[in-house]
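**Student:** Given chain L, work out where chain A should sit, using these hints.
The residues making up each chain are set out below.
Number of protein chains: 2
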Amino acid sequence: MNTPFTIVMIGAGRVATHLAPALSACGYRILQVYSRTLEAARTLAEKTGSQATNRLEELSPEADLYLVSVSDTALTTLLPAVTSINPQALFVHTAGSVPMSIWEGLADRYGVLYPMQTFSKEREVDFHQVSFFIEARKASDTRLLKELASTLSPKVYEATSEQRKYLHIGAVFACNFTNHMYAVCEELLGRHNLPFTAMLPLIDETARKVHELSPRLAQTGPASRQDQNILESHRQLLETEAPDLTEIYRLLSEHIQSYLPEK
Amino acid sequence: MNTPFTIVMIGAGRVATHLAPALSACGYRILQVYSRTLEAARTLAEKTGSQATNRLEELSPEADLYLVSVSDTALTTLLPAVTSINPQALFVHTAGSVPMSIWEGLADRYGVLYPMQTFSKEREVDFHQVSFFIEARKASDTRLLKELASTLSPKVYEATSEQRKYLHIGAVFACNFTNHMYAVCEELLGRHNLPFTAMLPLIDETARKVHELSPRLAQTGPASRQDQNILESHRQLLETEAPDLTEIYRLLSEHIQSYLPEK
Numbered sequence: 001m002n003t004p005f006t007i008v009m010i011g012a013g014r015v016a017t018h019l020a021p022a023l024s025a026c027g028y029r030i031l032q033v034y035s036r037t038l039e040a041a042r043t044l045a046e047k048t049g050s051q052a053t054n055r056l057e058e059l060s061p062e063a064d065l066y067l068v069s070v071s072d073t074a075l076t077t078l079l080p081a082v083t084s085i086n087p088q089a090l091f092v093h094t095a096g097s098v099p100m101s102i103w104e105g106l107a108d109r110y111g112v113l114y115p116m117q118t119f120s121k122e123r124e125v126d127f128h129q130v131s132f133f134i135e136a137r138k139a140s141d142t143r144l145l146k147e148l149a150s151t152l153s154p155k156v157y158e159a160t161s162e163q164r165k166y167l168h169i170g171a172v173f174a175c176n177f178t179n180h181m182y183a184v185c186e187e188l189l190g191r192h193n194l195p196f197t198a199m200l201p202l203i204d205e206t207a208r209k210v211h212e213l214s215p216r217l218a219q220t221g222p223a224s225r226q227d228q229n230i231l232e233s234h235r236q237l238l239e240t241e242a243p244d245l246t247e248i249y250r251l252l253s254e255h256i257q258s259y260l261p262e263k
Numbered sequence: 001m002n003t004p005f006t007i008v009m010i011g012a013g014r015v016a017t018h019l020a021p022a023l024s025a026c027g028y029r030i031l032q033v034y035s036r037t038l039e040a041a042r043t044l045a046e047k048t049g050s051q052a053t054n055r056l057e058e059l060s061p062e063a064d065l066y067l068v069s070v071s072d073t074a075l076t077t078l079l080p081a082v083t084s085i086n087p088q089a090l091f092v093h094t095a096g097s098v099p100m101s102i103w104e105g106l107a108d109r110y111g112v113l114y115p116m117q118t119f120s121k122e123r124e125v126d127f128h129q130v131s132f133f134i135e136a137r138k139a140s141d142t143r144l145l146k147e148l149a150s151t152l153s154p155k156v157y158e159a160t161s162e163q164r165k166y167l168h169i170g171a172v173f174a175c176n177f178t179n180h181m182y183a184v185c186e187e188l189l190g191r192h193n194l195p196f197t198a199m200l201p202l203i204d205e206t207a208r209k210v211h212e213l214s215p216r217l218a219q220t221g222p223a224s225r226q227d228q229n230i231l232e233s234h235r236q237l238l239e240t241e242a243p244d245l246t247e248i249y250r251l252l253s254e255h256i257q258s259y260l261p262e263k
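Protein sequences, first through last, are from chains L and A. UniProt numbering puts the first residue of the first sequence at 1, with every later residue one more than the last. UniProt numbering puts the first residue of the second sequence at 1, with every later residue one more than the last.
What the hints contain is simulated information worked out from the structure, not anything from laboratory work. Only a predicted model underlies this, so the values are computations on that prediction, with no experimental measurement involved. Fair warning: there could be bad hints in the mix.
On the chain A side, residues computed to face chain L include the following (Cβ under 7 Å) [claimed, not checked]:
1) Q129
2) L202
3) H211
4) Q219
Glycine residues also receive a C-beta, built at the ideal position from the N, C-alpha and C atoms.
If we strip away everything but chain L, and leave its shape as in the complex, we get:
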């Protein structure tokens, strides 16, 4: 950045809690943290040497960038108040599922900075390991957001709002649904006195493999081998042991088969 670049962070949830300190550590000055609850604002503001507020009318008009990282429903209601603060500033939200057009008519300079990661409050985030997807109305702001994201991570991509919808739903499959497969496994093992930790090497290798092979080519197991005996024995086992899983098992096994290369 050529000029000192100042930020007001709107929100103190999971994404904001990780993003604001990381930006602060990269030399961006976080002027202020806003949250509906003053305590949450204060906790985060302490980490970034910022002022805390829970009143929209106290938002500082001095910042170059207003970075809004709140729940999707809160976002809609906040925008008019936030954008009225400083007509020259850049307004950016961090939501995967919200189009950039949400700012339309409210500001002149706006965009999106979507860090695609699974954030838990309990866990440190290494932003070098996070893909950022950016979009802005003006090309100069796209460059600005790219520069900002690039100080955090080498993995910065431009994506339109349309593309971001698919990134978000793709992330639901690759992260949330994947994590749920782990949860189901933990549940099945736990019922039979088997430690979930024994699964970690398999989980790790499954993730490592797709760095080198396309997931379709990396697939193994009874569905991809079309091993009807095992599929049937698993179906029977689940029917008595965990009937809530039979339909999931059947659907996923069939869908795996729909992805097999044609013979």
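**Tutor:** For chain A alone, kept in the frame of chain L given last:
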């Protein structure tokens, strides 16, 4: 091992192809490799300095251990021929889904050595990163298999045939179904000119997280937040974009919600 320990490897498929050279590298002598197809037997036998055969009647009667790693259907038909070779030897199969009792009445000393990993021929396997599950009829053979597996990996567990059924189905969820979630993500992204590589940081973090947090606690995303707006927008998007995924999306989102901690 106090005495020189010799092995005949029955099978030259994915598991055998990785396991036999690893055992050979650990100092076990692989006397012979059997496969239905002589070429497959020869390819593997070359890697382990062994004799190759595709004829059951040529199986060496000299080995201490007959390690059978073939498809589950081939297993049943091979056992009588294999066990008749050497009545004193130990007979072991590597299949997750086949009970130890398959050897009953055919041999005196038998067991199972199940390496729980996703094996691709294209990819080296680091056995230090593989959980082994062992079971044997006799306690002395359990010790022997534990010693053998421990030369390959620090992660060796005892598991009964009953437990192994759940390990195997758990592995289908944690590995095969997980990999399919990656495949679905790759498909969705590919249709919108987004690189699957951008997802790898998220995939890696999702796997890393469950080393520290239980998968239930690690869960994030719209289903676990019960964010009906996003769930509904994803449903609509999939209905037009990928109708084959709508039911999977719905079922998994519901099942995630059934795993949420009670409020």
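**Student:** Hint check: is the beta carbon of L202 of chain A less than 7 Å from a beta carbon of chain L?
**Tutor:** 5 Å, holds
**Student:** Per the CB criterion, is H211 of chain A less than 7 Å away from chain L?
**Tutor:** 6 Å, holds
**Student:** For the restraint on Q129 of chain A, tell me whether the closest CB of chain L is nearer than 7 Å.
**Tutor:** Hint holds; Q129 of chain A Cβ to chain L Cβ min 5 Å, cut 7 Å.
**Student:** Would you check whether Q219 of chain A satisfies its interface hint, that is, whether its CB is within less than 7 Å of any CB in chain L?
**Tutor:** 5 Å, holds
Violated hints: none; the structure is consistent with every hint.
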